[in-house]
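2 protein chains.
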Amino acid sequence: MRKIAILGIGQTKVGEHWEKSLREIGGEAAFAAMQDAGVEKVDALFVGNMLSPLISGQNQLGAFFADWVGLWGQEAVKVEAACGSGAAAFRAGLMAVASGDVESALALGVEKMTDKAGRDVTAALATAADADYEAEQGISFVGINALVMRRYMYEFGWKHEDFAPFSINAHANAMHNPFARLHEKITVEKFEKSSMVATPINLLDASPIGDGAAAAVIVPAEKAARQPRVVVAGSASATDTIAVHSRKDPLFLQAAYRSAKRAYDMAGLPPSEIDLFELHDAFSIMAALSLEASGFAERGQGVRLALDNEIGVGGRIPICTRGGLKARGHPVGATGMYQIVEIVQQLRGECGKTQVDGAKTGMAQNIGGSGATILTHILTKEV
Amino acid sequence: MRKIAILGIGQTKVGEHWEKSLREIGGEAAFAAMQDAGVEKVDALFVGNMLSPLISGQNQLGAFFADWVGLWGQEAVKVEAACGSGAAAFRAGLMAVASGDVESALALGVEKMTDKAGRDVTAALATAADADYEAEQGISFVGINALVMRRYMYEFGWKHEDFAPFSINAHANAMHNPFARLHEKITVEKFEKSSMVATPINLLDASPIGDGAAAAVIVPAEKAARQPRVVVAGSASATDTIAVHSRKDPLFLQAAYRSAKRAYDMAGLPPSEIDLFELHDAFSIMAALSLEASGFAERGQGVRLALDNEIGVGGRIPICTRGGLKARGHPVGATGMYQIVEIVQQLRGECGKTQVDGAKTGMAQNIGGSGATILTHILTKEV
Chain R
737 MRKIAILGIG QTKVGEHWEK SLREIGGEAA FAAMQDAGVE KVDALFVGNM LSPLISGQNQ
797 LGAFFADWVG LWGQEAVKVE AACGSGAAAF RAGLMAVASG DVESALALGV EKMTDKAGRD
857 VTAALATAAD ADYEAEQGIS FVGINALVMR RYMYEFGWKH EDFAPFSINA HANAMHNPFA
917 RLHEKITVEK FEKSSMVATP INLLDASPIG DGAAAAVIVP AEKAARQPRV VVAGSASATD
977 TIAVHSRKDP LFLQAAYRSA KRAYDMAGLP PSEIDLFELH DAFSIMAALS LEASGFAERG
1037 QGVRLALDNE IGVGGRIPIC TRGGLKARGH PVGATGMYQI VEIVQQLRGE CGKTQVDGAK
1097 TGMAQNIGGS GATILTHILT KEV
Chain P
737 MRKIAILGIG QTKVGEHWEK SLREIGGEAA FAAMQDAGVE KVDALFVGNM LSPLISGQNQ
797 LGAFFADWVG LWGQEAVKVE AACGSGAAAF RAGLMAVASG DVESALALGV EKMTDKAGRD
857 VTAALATAAD ADYEAEQGIS FVGINALVMR RYMYEFGWKH EDFAPFSINA HANAMHNPFA
917 RLHEKITVEK FEKSSMVATP INLLDASPIG DGAAAAVIVP AEKAARQPRV VVAGSASATD
977 TIAVHSRKDP LFLQAAYRSA KRAYDMAGLP PSEIDLFELH DAFSIMAALS LEASGFAERG
1037 QGVRLALDNE IGVGGRIPIC TRGGLKARGH PVGATGMYQI VEIVQQLRGE CGKTQVDGAK
1097 TGMAQNIGGS GATILTHILT KEV
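Protein chains in written order, with the working numbering: chain R, 737 to 1119; chain P, 737 to 1119.
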């Protein structure tokens, strides 16, 4: 595949932006990315979004945003893979540029979630699950993840408080990210006293939703003069059954394993060469499962990595260096693009107190549904 | 761009399939396409769909269908561009194969529309328009098209009955297509007496919705041994403002002009070399506007082509040879894939009484919204 570079990035602060529309939030990130890239136009726009038909009554976000961000007339399309929509849009952009049919693209992840009541958002998020065999039974999306977490604790003997380091790390890192939704340090005590959502998942196991957008301009690597040059070394997407109960082993993310393996192969890098890992900690249990399926921990031992403080900046495999889904926030269709943007920031050395020293290689993993669609991207710095 | 061939096609009859689920309809077309191609697996699945979150409470159709059609684990994603979703999924598949990262793909357009009441479907279809500046004012999607048709009649001096040949041709051709929703010959009298929907658009100006799915297996051309070999000679996508009132000229489909021009350039063919044209006659006015913007008629003279009987099989530019949206039916996100499948049938010479003699080149044009996203594909036969 043709080598692709990321020329510019942009993002908005994740939050409850009641004063801004879907258009304005997406536009903010898109304009920032084009300005950062030093371009006024790209050949094509790929928008990652999950909920705009349900929350904003708006489909066709490709054309919708193309005109708004100054790309009138250009090719534009929306890509959707539930909470994996952001990375799916990024990968669609990569393929378009790699095909040679377009020479530059803007990948934009955008989600406006706070314009509806909580129960409507909960119902909308359930469309990521199997409508016939999961949602139809009345289980919510967090409920599905709670069953997985409960089983994991039973199988591997972990207590709820053992998951605390995931949240503590994410919240601590978010303190230094101005684009994060939550700026609040937490402790094990606070974690354990947090309100229950769906046993055993409490409020501090779960990522907050929010309005947000993040974007990147991509071009063929040979056309990227900017230093350091950040290139896409690996990109892969894989799927699993949409319903968790259909899996032989509900505690192993097959799609993470498959997409990570292909990304490693494409990049020619083993897990040990990854300097930081922006994973999809929608719930603390998902952080553990991602680490295991991606080759950073043995089965059932993802939690151990966190307890041993190997996930912090300076640890063996830093995760959620800008706050992760847990504290930066999880505007679902935008999240995958936030991960890409944050890795570029790390590779450029722009992360201040949560900078991973000498970071040359970062990996992003974005998950749609309860592990049904998983995309893994590896970015490297070329100096 | 790497040359791509269409190895197999499949489709379901468009209709009210209350006895079949979204899964079953999509699966039918997908299985048929893989069987026709003689393959049991492909590397990646691209699903075109507009309404499943709103009608079926189901998102993430990539993973949803991958498992169902025997592609467990493979890459899969949904692509959405309102009623242009089908062709958008096809183009995403082309780019994936052209990039060299996957060696085969299944493009599937699928829509299940009849599980909700008519008013819910009308509201769902309005998400193709601009939610803030069109739908919010209470105008329906057909209402927007009615304003365009009224203005066209005023500007160019046509009467309503002048549009009759579009519907008559589509209905006549659908008589010979077992997959068509409507099998009913119509006349000018019947056309003029049909119930009004939104003045001047009556029931016989408008295409019927429906449940349906169509699919194609694509591979690099050098890997397609099948004779005749149908290849993609041109592929392009372009956008216009999402709201019609934002356009300088609401009677010219800029995105059709731009995408057709790029497809002609890529194929190295002028409009005169196109043997048949599957256009997007969601409303009769759109057939006229497509013919004009794509170079088959002067401004305001698309209707003349129809009146002169140049659009029938045997005419200068046969359109809707299998019934078009008007009579084959318009399961919105599937329509673009029906067009591709129908052109392949023509190039293979499988169309019986509506076969275009010696057809070597066919063009498909799929429209999202009121001309906001338009994709044009040119297929040719290599013997």
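Just so you know, the hints here were simulated from the structure itself, not pulled from any lab data. It cannot be assumed that every hint is accurate.
[Stated by the list, open to error] Sample of chain P residues at the chain R side, in silico, Cβ under 7 Å:
1) 790
2) 791
3) 795
4) 799
5) 831
6) 832
7) 944
8) 975
9) 977
10) 981
11) 985
12) 1108
[Unchecked claim] Derived lysine-lysine pairs resembling DSBU-like cross-links, with alpha carbons at most 30 Å apart:
13) P:984 x R:777
14) P:959 x R:739
15) R:959 x P:997
16) P:852 x P:921
17) P:1089 x R:984
18) R:997 x P:959
19) R:739 x R:1096
20) P:926 x R:739
21) R:739 x P:997
22) P:749 x R:997
23) P:739 x R:959
24) R:777 x R:921
25) P:756 x R:739
26) P:959 x R:777
27) P:984 x R:756
28) R:959 x R:777
29) P:997 x P:777
30) R:749 x R:929
31) P:749 x P:929
32) R:756 x R:777
33) R:777 x P:739
34) R:984 x R:749
35) P:756 x R:984
36) P:852 x P:756
37) P:852 x R:852
38) P:749 x P:984
39) R:997 x P:777
40) P:777 x P:749
Here a beta-carbon is modelled for each residue, glycine too, at the ideal position from N, C-alpha and C.
Evaluation of the provided hints:
1. Because the beta carbon of residue 790 of chain P sits about 5 Å from the nearest beta carbon in chain R, less than 7 Å, this interface hint is met.
2. Contact between residue 791 of chain P and chain R, as hinted, is not supported at the beta carbon level, the nearest pair being about 10 Å apart and thus beyond 7 Å.
3. Checking residue 795 of chain P against chain R by beta carbon gives a least distance of about 4 Å; that is within 7 Å, so the hint holds.
4. Interface hint at residue 799 of chain P: satisfied, since its Cβ lies 4 Å from the closest Cβ of chain R, which is below the 7 Å cut-off.
5. For residue 831 of chain P, the interface hint holds, since its Cβ comes within 7 Å of a Cβ in chain R; the closest pair sits about 4 Å apart.
6. Because the closest C-beta pair between residue 832 of chain P and chain R is about 5 Å apart, less than 7 Å, the hint holds.
7. Annotation: residue 944 of chain P was flagged as interfacial toward chain R, and the flag is violated, the nearest CB pair being 20 Å apart, outside 7 Å.
8. The closest approach between the C-beta of residue 975 of chain P and any C-beta of chain R is roughly 4 Å, which is under the 7 Å cut-off, so the hint is satisfied.
9. The criterion of a C-beta within 7 Å of any C-beta in chain R is met by residue 977 of chain P, whose closest approach is roughly 5 Å, and the hint holds.
10. Contact between residue 981 of chain P and chain R, as hinted, is not supported at the beta carbon level, the nearest pair being about 13 Å apart and thus beyond 7 Å.
11. A cut of 7 Å between beta carbons decides the hint on residue 985 of chain P: the least distance to chain R is about 14 Å, and the hint is violated.
12. Below 7 Å, beta-carbon pairs count as interface contacts, and residue 1108 of chain P has one with chain R at about 4 Å; its hint therefore holds.
13. A distance of roughly 21 Å separates the Cα atoms of residue 984 of chain P and residue 777 of chain R; the hinted pair therefore holds under the 30 Å criterion.
14. Using a Cα cut-off of 30 Å, the hinted pair residue 959 of chain P and residue 739 of chain R holds, with the two alpha carbons roughly 24 Å apart.
15. For the given pair, residue 959 of chain R sits about 27 Å from residue 997 of chain P by alpha-carbon distance, which is consistent with the 30 Å threshold.
16. For the given pair, residue 852 of chain P sits about 28 Å from residue 921 of chain P by alpha-carbon distance, which is consistent with the 30 Å threshold.
17. For the given pair, residue 1089 of chain P sits about 51 Å from residue 984 of chain R by alpha-carbon distance, which is inconsistent with the 30 Å threshold.
18. Of the supplied pair hints, the one linking residue 997 of chain R and residue 959 of chain P holds, its CA atoms being roughly 27 Å apart against a limit of 30 Å.
19. Between the alpha carbons of residue 739 of chain R and residue 1096 of chain R the distance comes to roughly 17 Å, so the proposed pair stays at or under 30 Å and holds.
20. At most 30 Å may separate the alpha-carbon atoms for a hinted pair to count; residue 926 of chain P and residue 739 of chain R exceed this at roughly 59 Å.
21. Restraint check for residue 739 of chain R and residue 997 of chain P: satisfied, since their Cα atoms lie roughly 29 Å apart, inside the 30 Å limit.
22. With a C-alpha separation of about 40 Å, the suggested pairing of residue 749 of chain P with residue 997 of chain R is violated against the 30 Å cut-off.
23. A distance of roughly 24 Å separates the Cα atoms of residue 739 of chain P and residue 959 of chain R; the hinted pair therefore holds under the 30 Å criterion.
24. Taking the CA atoms of residue 777 of chain R and residue 921 of chain R, the gap is about 41 Å. The hint is violated against a cut of 30 Å.
25. Restraint check for residue 756 of chain P and residue 739 of chain R: not satisfied, since their Cα atoms lie roughly 44 Å apart, outside the 30 Å limit.
26. Straight-line distance between C-alpha atoms of residue 959 of chain P and residue 777 of chain R comes to about 36 Å, which puts the hinted pair past the 30 Å bound.
27. Taking the CA atoms of residue 984 of chain P and residue 756 of chain R, the gap is about 27 Å. The hint holds against a cut of 30 Å.
28. At roughly 15 Å between alpha-carbon atoms, residue 959 of chain R and residue 777 of chain R fall within 30 Å of each other, so this suggested pair holds.
29. For a cut-off of 30 Å, the pair hint linking residue 997 of chain P to residue 777 of chain P is broken: about 35 Å separates their Cα positions.
30. Our distance criterion of 30 Å between C-alpha atoms is met by residue 749 of chain R and residue 929 of chain R, whose separation comes to about 28 Å.
31. Restraint check for residue 749 of chain P and residue 929 of chain P: the C-alpha separation of about 28 Å stays at or below 30 Å, so the hint holds.
32. About 24 Å separates the Cα atoms of residue 756 of chain R and residue 777 of chain R, which keeps this hinted pair within 30 Å; it holds.
33. Taking the CA atoms of residue 777 of chain R and residue 739 of chain P, the gap is near 27 Å; set against the 30 Å cutoff, the hint holds.
34. A threshold of 30 Å between alpha carbons decides the hint, and for residue 984 of chain R with residue 749 of chain R the separation of about 39 Å lies outside it, so the pair is violated.
35. Between the alpha carbons of residue 756 of chain P and residue 984 of chain R the distance comes to roughly 27 Å, so the proposed pair stays at or under 30 Å and holds.
36. Proposed proximity of residue 852 of chain P and residue 756 of chain P is supported: the alpha carbons are some 14 Å apart, at most 30 Å.
37. For the hint pairing residue 852 of chain P with residue 852 of chain R, the CA-to-CA distance comes to about 22 Å; that is within 30 Å, so the pair holds.
38. Between residue 749 of chain P and residue 984 of chain P, the direct Cα distance comes to roughly 39 Å. Violation of the 30 Å bound is thereby established for this hinted pair.
39. Pair hint residue 997 of chain R plus residue 777 of chain P holds up; C-alpha atoms about 20 Å apart against a cutoff of 30 Å.
40. The suggested pairing of residue 777 of chain P with residue 749 of chain P holds, with an alpha-carbon distance near 24 Å, which does not exceed 30 Å.
The structure fails hints 2, 7, 10, 11, 17, 20, 22, 24, 25, 26, 29, 34 and 38 (numbered hints given earlier, in ascending order).
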